[in-house]
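Student: Respectively, the protein sequence lines represent chains W and G. Position 194 (the first sequence) corresponds to 237 in the working numbering; numbering is contiguous. Position 256 (the second sequence) corresponds to 263 in the working numbering; numbering is contiguous.
Derived by calculation from the structure, the hints in this document are not laboratory data. Where is the CB? At the ideal position from N, CA and C, for every residue including glycine. Treat the hints with care, since some could be wrong.
[Said to hold, decoys possible] Quick list of simulated restraints, FRET-style, between CB atoms:
(1) H179(G) / G135(W): 48 to 56 Å
(2) G112(G) / F133(W): 28 to 36 Å
(3) A116(G) / P150(W): 51 to 59 Å
(4) P123(W) / R111(G): 45 to 53 Å
(5) G135(W) / G75(G): 24 to 32 Å
(6) L234(W) / G75(G): 28 to 36 Å
(7) A116(G) / P123(W): 25 to 33 Å
(8) G135(W) / A189(G): 51 to 59 Å
(9) R230(W) / G130(G): 27 to 35 Å
(10) R136(W) / G18(G): 17 to 25 Å
(11) A116(G) / L82(W): 56 to 64 Å
(12) A182(G) / R230(W): 35 to 43 Å
The chain contents come next:
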Amino acid sequence: MTAGHGARRPRASGRPPWALVPPAALTLGFLVLPFVALLQRAPWSSLRELLSAPLVTEALRLSLVSALAATGLSLVGGVPLAWMLARTDFPGRSLVRGLVLLPMVLPPVVGGAALLFAFGRRGLVGGPVYDGTGFLLPFSLWGVIAANTFVALPFLVVTVEAGLRSADRRYEDAAATLGAGRWMIFRQVTLPMVLPSIVAGAVLCWARALGEFGATVTFAGNLQGRTQTMPLAVFLALESDRGAAIALSLVLVAVSLAVLVPLRDRWLAA
Amino acid sequence: MLRADITLRLGDLDLDAAVEVADGEVVALLGPNGAGKTTVLRCIAGLQAVDAGRIEIDGRVLDDPAAGTFVPTAERPIGVVFQDHLLFPRLTALDNVAFGLRARGVPKAQARADAAGWLARVGLAEVAGAKPRALSGGQSQRVALTRALATEPRVLLLDEPLAALDARSRVHVRAELRRHLATFAGARLLVTHDPVDALVLADRLVVIETGRVTQRGTTAEVARRPRSRYVAELVGLNLLHGTAAGEHTVRLASGAELTVADPLPGHEVAVAVRPQAVTLHRRPPEGSARNAWPAVVVDLEADHDRVRVQLTERAQGGTDGASLSAIVAEVTPASVAELGLAPGTEVWATVKAVDLAVYER
Chain W
44 MTAGHGARRP RASGRPPWAL VPPAALTLGF LVLPFVALLQ RAPWSSLREL LSAPLVTEAL
104 RLSLVSALAA TGLSLVGGVP LAWMLARTDF PGRSLVRGLV LLPMVLPPVV GGAALLFAFG
164 RRGLVGGPVY DGTGFLLPFS LWGVIAANTF VALPFLVVTV EAGLRSADRR YEDAAATLGA
224 GRWMIFRQVT LPMVLPSIVA GAVLCWARAL GEFGATVTFA GNLQGRTQTM PLAVFLALES
284 DRGAAIALSL VLVAVSLAVL VPLRDRWLAA
Chain G
8 MLRADITLRL GDLDLDAAVE VADGEVVALL GPNGAGKTTV LRCIAGLQAV DAGRIEIDGR
68 VLDDPAAGTF VPTAERPIGV VFQDHLLFPR LTALDNVAFG LRARGVPKAQ ARADAAGWLA
128 RVGLAEVAGA KPRALSGGQS QRVALTRALA TEPRVLLLDE PLAALDARSR VHVRAELRRH
188 LATFAGARLL VTHDPVDALV LADRLVVIET GRVTQRGTTA EVARRPRSRY VAELVGLNLL
248 HGTAAGEHTV RLASGAELTV ADPLPGHEVA VAVRPQAVTL HRRPPEGSAR NAWPAVVVDL
308 EADHDRVRVQ LTERAQGGTD GASLSAIVAE VTPASVAELG LAPGTEVWAT VKAVDLAVYE
368 R
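Starting from the given sequences, assemble the full structure and let the hints guide the process.
Tutor: Right, here's the structure in full:
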């Protein structure tokens, strides 16, 4: 990074080769046009009324709560997993890394079905738990959170693992020579060093969870007020009430932009 | 008292070196990049386990694979000043110094008070609240040293402590480091590739090249009688290897013979020559009182008002394939012009017998 006084001057490297401009503009148009269309079709006159309907407010609340909870769970479980993948060497590590990434590439519906087989009423783990305690994960808010976590967790693990791998480990050596044990080194040296990766991973994870559809609808169902998140509500409304669907979509766009734009420059651009 | 006897294979490095540092002594581990200096330091710090050998401080064994002993880094009585200093970027200078005390279970308030005392002693009280990036190179170096000393180690290890500094602040910081090193009573081991750091800061040198110790001794001894081309070049001397061919005669690999003033100390000998003592001629010099041998100019390099002429020996007779000595002559620009020196020019190099320092290899 050069000194501040040079930052404002135009640099030769900042001017694009002309060949890049048309495809860049075309791509931007392709990304933005659907949102313009959404705005154009928005029922502006009845928007206020649509947005205050319980269908919308409940879905919004469920979406925010479940995405946030999934992010929290991913942080608690994903950071240690990322550390294990980045720092320890155990047989079958590349297989484990592949398994962690699987939910990223698998169709979410398949993930939802797999979750049912594991945690459903007659699932591998869900069956015994239900017989013993009567607790059922699917078709509840907990089910929504589980589906969101399952699909979004890999984004956090991948980002944090990359951060751990690129972190300068000599600082950890320095801490050890000062007498710090492994836990103190992790808490006071490693975590602060990879904080930008953790924040970036958490934002990606949250964004993925917010838009989750397939796994949620398969594993948690589509019960208004209990498991119906924004994407599910939009999908349902498209069939019956196009105005409501557009209104819901606008809310999702607004919420996403409100979170991503301020964070992008600070944490994601590195 | 630090004793380290290290055998280790690590990638391309094949390390087999022993170092001893007494209390109150500063020893510099000097060597070219990749020689294994930093690895020696990492082994002593416990950041790298040895394959074989033994590391002990004050008689306590820290690493001995044969006995199954390995004391982890955090439990070794050492302080390390790293290259680039490695101050924790998110902590203030004060909290960097307090870190080691906190790691030893000193309560936070007490650790900070002690750290403030340490910083005040080295004249850094005013930057206690500053983050590392706001410190100058010299300040950052002093904070790193203070951080290492605050845990009151028995041995202080310094890895290229001046390498992160620009040339201008280096001179000043080197003098400062010398002063602050003197306040520590334990053993001090300094790793460096810079002969000036080694000469200024150390009492004794251990020279390490491609994983082996090639020379050890006081700085004056090593500077006067280099045993390897690397050391000779560092201290600006030419080094010729040869064998005894008479009480005062050394035969070089090329077949050329040199007459020295002192009697030869053994059969395999090294001869050191200052570049200024070498004179060059286009024809074989007359008279036999002087040493003369044929050479070829490899390169010329201007250095202020002198020109350094890189030479290799020309073989006489049938010594093809023998490794011939490269030497440097330092002459005036006027003689370069007069002799018409250019790469490839064949010359005769001469040196007076009294200018040849001869010693056992």
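Student: Work down the list of hints and note, for each, if the structure agrees.
Tutor: Now for the hints, and whether the structure bears them out:
1. H179(G) / G135(W): 48 to 56 Å: holds (55 Å)
2. G112(G) / F133(W): 28 to 36 Å: The hinted range 28 to 36 Å holds for G112(G) and F133(W), with Cβ atoms some 32 Å apart.
3. A116(G) / P150(W): 51 to 59 Å: Once the Cβ atoms are compared, 57 Å apart, the range 51 to 59 Å for P150(W) and A116(G) holds.
4. P123(W) / R111(G): 45 to 53 Å: violated (26 Å)
5. G135(W) / G75(G): 24 to 32 Å: Check passed, 29 Å falls within 24 to 32 Å.
6. L234(W) / G75(G): 28 to 36 Å: For L234(W) and G75(G) the Cβ distance comes to about 33 Å; the hint holds.
7. A116(G) / P123(W): 25 to 33 Å: holds (31 Å)
8. G135(W) / A189(G): 51 to 59 Å: holds (54 Å)
9. R230(W) / G130(G): 27 to 35 Å: holds (32 Å)
10. R136(W) / G18(G): 17 to 25 Å: holds (22 Å)
11. A116(G) / L82(W): 56 to 64 Å: Given a distance of about 58 Å, which is inside 56 to 64 Å, the answer is holds.
12. A182(G) / R230(W): 35 to 43 Å: Given a distance of about 39 Å, which is inside 35 to 43 Å, the answer is holds.
When each numbered hint is compared with the structure, a violation occurs for hint 4 only.
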